[in-house]
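No gaps in the numbering here: position 33 of the sequence shown is 27 in the numbering used here, and each next residue is one more.
Treat the hints as calculated values from the structure; they're not laboratory data.
Because the structure is a prediction, the values reported are computed rather than measured.
All clues given are correct.
Derived pair list, reagent style SDA-like, types lysine to any residue, alpha-carbon separation capped at 20 Å:
#1 Lys8 / Gln18
#2 Lys16 / Ala4
#3 Lys29 / Gln18
#4 Lys29 / Arg19
#5 Lys8 / Glu20
#6 Lys3 / Ile15
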Amino acid sequence: MEREVFQWKADYHKSLECEVIKRQRERWKRRNIEKVREGDRGDSHFRTPTSLCCLSRS
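When you get a sec, could you build the whole thing from the sequences and use the hints?
Printed below as a string of structure tokens:
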């Protein structure tokens, strides 16, 4: 019983983490586009992090 609850919590936290990373990724994409428009290619600075959780769920 306790084990199931623990697993549920772990999954829940993973999905929350996923949401946060997705939002960050969107923000970074937008920021990258703005930078490219300004003529400053800040690609390496805004490299988006890949999360195993997001990759496996998408």
